[in-house]
Amino acid sequence: MRSACVHRKLDGADTEGEYTLLRNRVSKMAAATAAGAMLMAAAACGGSDSTTSESTTGASAPAAAAVKVGLAYDIGGRGDGSFNDAAAAGLDKAVTELKVEKKELEATQGETDAQKEERLRLLASGGYNPVIAVGFAYSVPLGKVAKEFPDTKFAIVDDPVAAPNISNLLFAEEQGSFLVGAAAALKSKSGNIGFVGGVDVPLIHKFQAGYEAGAKAVKPDIKIQSKYLTQPPDFGGFGDPAKGKTAAEGMFDAGADIVYQAAGGSGGGVFDAAKAAKGLAIGVDSDQGALPAYSGVKDVIMTSMIKKVDVAVFDFLQHYVSNTVKEGPTIYDLKAGGVDYSVTGGQLDDIKSQLDDYKQKIISGEITVPSS
Amino acid sequence: MSTFVDRLLGRVKLSGWLALVAPLLAVLFAVVITSVVLLATGKAPLETFQALAQYGSQPRTMAVIVNTGTEYYISALAVAIGFRMNLFNIGVDGQYRLAAVVAAGVGGAALLPGVLNIILIVVVAVVVGALWAAIAGLLRVTRGVSEVISTIMLNSIATGIGSWLVTNHFGVLRGNELATKEIPGDSRVPGMALIPGTQLQVTGFIVLALVLGVAYYVLLNRTRFGFELRATGQSETAAVASGISVKKMIVITMVVSGVVAGLIGMPELLGASYKYSTNFPTGLGFTGIAIALLGRNNAVGMAIGALLWSFLDNSSDTLQLLDISKEIVAIMQGVIVLSVIIAYELVHRYRIVAEQRRVSRELATPQQAEGAAA
Chain A
1 MRSACVHRKL DGADTEGEYT LLRNRVSKMA AATAAGAMLM AAAACGGSDS
51 TTSESTTGAS APAAAAVKVG LAYDIGGRGD GSFNDAAAAG LDKAVTELKV
101 EKKELEATQG ETDAQKEERL RLLASGGYNP VIAVGFAYSV PLGKVAKEFP
151 DTKFAIVDDP VAAPNISNLL FAEEQGSFLV GAAAALKSKS GNIGFVGGVD
201 VPLIHKFQAG YEAGAKAVKP DIKIQSKYLT QPPDFGGFGD PAKGKTAAEG
251 MFDAGADIVY QAAGGSGGGV FDAAKAAKGL AIGVDSDQGA LPAYSGVKDV
301 IMTSMIKKVD VAVFDFLQHY VSNTVKEGPT IYDLKAGGVD YSVTGGQLDD
351 IKSQLDDYKQ KIISGEITVP SS
Chain B
1 MSTFVDRLLG RVKLSGWLAL VAPLLAVLFA VVITSVVLLA TGKAPLETFQ
51 ALAQYGSQPR TMAVIVNTGT EYYISALAVA IGFRMNLFNI GVDGQYRLAA
101 VVAAGVGGAA LLPGVLNIIL IVVVAVVVGA LWAAIAGLLR VTRGVSEVIS
151 TIMLNSIATG IGSWLVTNHF GVLRGNELAT KEIPGDSRVP GMALIPGTQL
201 QVTGFIVLAL VLGVAYYVLL NRTRFGFELR ATGQSETAAV ASGISVKKMI
251 VITMVVSGVV AGLIGMPELL GASYKYSTNF PTGLGFTGIA IALLGRNNAV
301 GMAIGALLWS FLDNSSDTLQ LLDISKEIVA IMQGVIVLSV IIAYELVHRY
351 RIVAEQRRVS RELATPQQAE GAAA
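Order-wise, the sequence lines are chains A and B. Heads up, the first sequence is in our numbering, so the first residue is 1 and it goes up one at a time. Heads up, the second sequence is in our numbering, so the first residue is 1 and it goes up one at a time.
Next comes chain A alone, as it looks inside the complex:
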């Protein structure tokens, strides 16, 4: 080791330079990581004070009369302004209206199935019942944990994994997307529209397929540009507004005048691009035109494809409280009111009757919307 030091000292200028560069890079990286983590933690800690004030602390608390709901989020967690937030809204509603207690656990990017499994097990073994898993990523882990806790009721959003104690909350995203696709085609002046998907995964393919089918039902020769922001297993495309903005800018530049985004947290960038290009955009999951977070761009949000995860989560909890839980799949489609388009802002008032025609045809089965 001694000689190593002498060698280092005698190194050529290049190597020494590289060595320093390398060390600097590492230190910077570590510093950035630490600083970022601190900010995140500070924000999260601050938030958790207010959001979980009604819950008991610790898994060791004796089973109270109140129902203790455990909920495991997908990556992004509470505050993603999209999918997870919709689940959180349903849970919050249940806390106020059904007087249940809640405990929320968040996921880490890039974790293994085993780690997801332990998260669900932690909730189930801590006496939380029912336990809700948000997102199809929990599919395999939930299948295993549900077997171990036959007396606990589980629910999973977006996945068909089957067990006697699992309720599957599934959505017909393609049906809602069909309607906003039809709306885009009816409203487009250039005959050129766009679709921005967050991550190139089968779930998002359903949004794209429905959107394209809806647009083509109105105007068979319409030009549709499609782009996915990232490829799995890189799920960054659900949380990168800059990527969303670049992709949408490209579409507006290439002649599109309306862009639909199914990109979670990246969607904000699509709205910004639409505003800059004096075009229009279509929101997703929540009625994004009505969200305070998007108040600055609400005039470009023509409509939103609403996926009512909040309703599904609340329904499930209500059934649990009244002891009428339905195991197996519950499909939230147009018929059940699980997906829909929003009319906030009134931009669709002139075509609403046409869209409702399509809606009725889908509900009656006259139109079958492809899901891939």
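Simulated from the structure, these hints should not be mistaken for laboratory data. The model shown is predicted, which means the values in this text are computed figures rather than measured ones. Heads up, a few of these hints could be off.
[Stated by the list, open to error] Below 30 Å or equal to it, Euclidean Cα-Cα: the simulated DSSO-like pairs (lysine-lysine) are:
1) A:278 to A:216
2) A:189 to A:227
3) B:43 to A:99
4) A:335 to A:361
5) A:93 to A:326
6) A:326 to A:278
7) A:147 to B:181
8) B:181 to A:227
9) A:144 to B:43
10) A:93 to A:153
11) A:189 to A:223
12) B:43 to A:93
13) A:223 to A:153
Knowing the structure of chain A, use the given hints to seat chain B on it.
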């Protein structure tokens, strides 16, 4: 003055002792910093660490920690091989993921039965990892492209290729999950019930990790290749002067690093999920960089680092039951790495100064030195 320097120099072993104490101090320092953050957010630090320790010491959690730690350790080894030669292989992440995709696709096709299929899968993973890493090595020696830049870019390309392979060739759609075909039951690597009190088995790949750890030590410290690798890392000019082909060493080192990187995904692929899906763990290559830094490229140090890292990662969920953000462990991890680097840098500088003083002292009293030589 000289007695003071003498005393310091007389404790060369103290440096070795310091080398051991430095990481411990770093961990302690991280605990202090984390406590401050916890206090600032109105949480009780003691309660937090107790909860971490309590959850982490349950048999079941211990098994999970060992399993995750095994992957972390292999990743750290892959990174460390490059580090020892001043090669910053950031591409371990892309190498293991691409290797896992191709291996999962080949393995899922079940071309061979039983154990033969396992061997085929591992060989494919190793070859893909090695080839992918070799690209960065070849770019460096032929075009002078920094491996830092090229491996980052190759990570991105690996993600794209992997996704294309799964979507267009290997993938089977099940629900909302797109994954390769499952590897058949007779070609899986069984776990071992090592930890009493839990049914959860420890991955069979822990044996591979241990073998790799020993091989790493032997290769670097007991072979000519290892000597040449370390020599090149310490001084390229000196290496050239002693007849070592630096270009050859760069390519070979990248390939060896890629070989080990190819194995990172194997515990998950052959021992846990049996397929490559959108849920396949990502970022293990970057965790490996942190652990290699933490363990100072030392085979044992990295093993401890991997377990510590895994403990923090796997125990963090329990904090959320106490309404403490799980990101608190990210702060700990960040501070640990930072303080280890700083601590070692201080030790390193101290050694250089000490060495300089020793040399100047010997030059000042040549007769003594001659006497010592005689």
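Next on the checklist: Which constraints among the numbered hints does this structure fail? Numbers only, ascending.
Outcome noted: 6, 9, 13
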